[in-house]
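Could you build the full structure based on these sequences and the hints that come with them?
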Amino acid sequence: AQKVTQAQTEISVVEKEDVTLDCVYETRDTTYYLFWYKQPPSGELVFLIRRNSFDEQNEISGRYSWNFQKSTSSFNFTITASQVVDSAVYFCPTYGNNRLAFGKGNQVVVIP
Amino acid sequence: NAGVTQTPKFQVLKTGQSMTLQCAQDMNHEYMSWYRQDPGMGLRLIHYSVGAGITDQGEVPNGYNVSRSTTEDFPLRLLSAAPSQTSVYFCASSVTRMNTEAFFGQGTRLTVV
Chain A
12 AQKVTQAQTE
22 ISVVEKEDVT
32 LDCVYETRDT
42 TYYLFWYKQP
52 PSGELVFLIR
62 RNSFDEQNEI
72 SGRYSWNFQK
82 STSSFNFTIT
92 ASQVVDSAVY
102 FCPTYGNNRL
112 AFGKGNQVVV
122 IP
Chain B
2 NAGVTQTPKF
12 QVLKTGQSMT
22 LQCAQDMNHE
32 YMSWYRQDPG
42 MGLRLIHYSV
52 GAGITDQGEV
62 PNGYNVSRST
72 TEDFPLRLLS
82 AAPSQTSVYF
92 CASSVTRMNT
102 EAFFGQGTRL
112 TVV
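Heads up: the sequence lines are chains A and B, in that order.
Under the numbering used here, the first sequence has 54 at position 43, and the numbering climbs by one with no breaks.
Under the numbering used here, the second sequence has 81 at position 80, and the numbering climbs by one with no breaks.
Hints may contain errors.
[As the list claims (entries may be wrong)] Think about it this way: if two alpha-carbon atoms lie no more than 16 Å apart in a straight line, the pair counts; the simulated EDC-like pairs of lysine to aspartate or glutamate are:
{"no.": "1", "chain 1": "A", "residue 1": "Lys-49", "chain 2": "B", "residue 2": "Glu-60"}
{"no.": "2", "chain 1": "A", "residue 1": "Lys-81", "chain 2": "A", "residue 2": "Asp-40"}
{"no.": "3", "chain 1": "A", "residue 1": "Lys-14", "chain 2": "B", "residue 2": "Glu-60"}
{"no.": "4", "chain 1": "A", "residue 1": "Lys-81", "chain 2": "A", "residue 2": "Glu-21"}
{"no.": "5", "chain 1": "A", "residue 1": "Lys-81", "chain 2": "A", "residue 2": "Asp-97"}
{"no.": "6", "chain 1": "A", "residue 1": "Lys-81", "chain 2": "A", "residue 2": "Glu-37"}
{"no.": "7", "chain 1": "A", "residue 1": "Lys-49", "chain 2": "A", "residue 2": "Asp-33"}
{"no.": "8", "chain 1": "A", "residue 1": "Lys-49", "chain 2": "A", "residue 2": "Glu-21"}
{"no.": "9", "chain 1": "A", "residue 1": "Lys-14", "chain 2": "A", "residue 2": "Glu-55"}
{"no.": "10", "chain 1": "A", "residue 1": "Lys-115", "chain 2": "A", "residue 2": "Glu-37"}
{"no.": "11", "chain 1": "A", "residue 1": "Lys-115", "chain 2": "B", "residue 2": "Asp-39"}
{"no.": "12", "chain 1": "B", "residue 1": "Lys-10", "chain 2": "A", "residue 2": "Glu-55"}
In case anyone wonders, no lab produced these hints; they're calculated from the structure.
Right, dumping it as structure tokens:
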């Protein structure tokens with residue numbers, strides 16, 4: 012079964028600092044999918060990125076970047092120059108067996 | 002463009018009562034699912050459906066029923082509410098199975114007293 016581990020439960024940073032969220036996944040599938048979702052204080056979950064197991068290219072989208080490394084089973088997420096609007100819980104679920112398997116998430120608090 | 006709509010947003014039930022959480026999507030998505038989110042535990046899958054007339058159990062199905070009579074709607078029924086079902090419930094949909102982007106509803110905060 013798929014499993015993800017997000018070890019850092021709460022991370023506090025001062026505005027404009029960079030923050031990296033670690034995500035370690037476990038899967039027995041050769042083809043698998045990894046995601047990042049953001050859950051702001053308002054509660055809804057917002058899709059950020061999807062990556063399949065054959066695409067190890069890093070991705071940058073504005074202040075967000077992702078580092079996928081199959082060798083270490085990690086799919087880490089970096090927010091550059093953090094802003095107060097980045098305060099949220101971030102999840103990195105993995106897909107398998109008809110479902111998304113969520114970890115406990117990373118609570119990011121950006122202090123103005 | 003409504004996306005995924007859940008009703009109600011908040012609900013208080015007494016132990017033993019039953020109720021239905023509603024979920025509707027207007028994107029013609031095949032796949033729909035229900036998750037519950039408890040503090041410190043992430044989201045856990047309750048039930049899912051890969052198309053109209055087809056449902057299956059997820060990780061924590063006990064105490065819940067679902068049906069999928071139309072593509073648009075996927076209601077979640079609590080048969081006899083228990084305090085352990087106090088949680089935030091999310092409905093999600095995606096084009097096919099959950100290996101594509103999922104769209105989540107706003108959530109229903111349920112308290113069972």
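Evaluation of the provided hints:
1. A/Lys-49 to B/Glu-60: At roughly 22 Å apart (the allowed maximum being 16 Å), B/Glu-60 and A/Lys-49 break the hint.
2. A/Lys-81 to A/Asp-40: Measuring from Cα to Cα gives roughly 12 Å; hence the hint holds.
3. A/Lys-14 to B/Glu-60: With Cα atoms ~13 Å apart, A/Lys-14 and B/Glu-60 stay inside 16 Å; holds.
4. A/Lys-81 to A/Glu-21: violated, 25 Å
5. A/Lys-81 to A/Asp-97: With a Cα-Cα distance of about 27 Å, the restraint between A/Lys-81 and A/Asp-97 is violated, given a limit of 16 Å.
6. A/Lys-81 to A/Glu-37: Since the Cα atoms of A/Lys-81 and A/Glu-37 sit roughly 11 Å apart, the hinted pair holds (cutoff 16 Å).
7. A/Lys-49 to A/Asp-33: With Cα atoms ~14 Å apart, A/Lys-49 and A/Asp-33 stay inside 16 Å; holds.
8. A/Lys-49 to A/Glu-21: holds, 14 Å
9. A/Lys-14 to A/Glu-55: Measuring from Cα to Cα gives roughly 22 Å; hence the hint is violated.
10. A/Lys-115 to A/Glu-37: holds, 15 Å
11. A/Lys-115 to B/Asp-39: Distance ~10 Å between A/Lys-115 and B/Asp-39 Cα, so the pair holds.
12. B/Lys-10 to A/Glu-55: holds, 12 Å
Hint compliance for this structure: hints 1, 4, 5, 9 are not met, and every other hint is.
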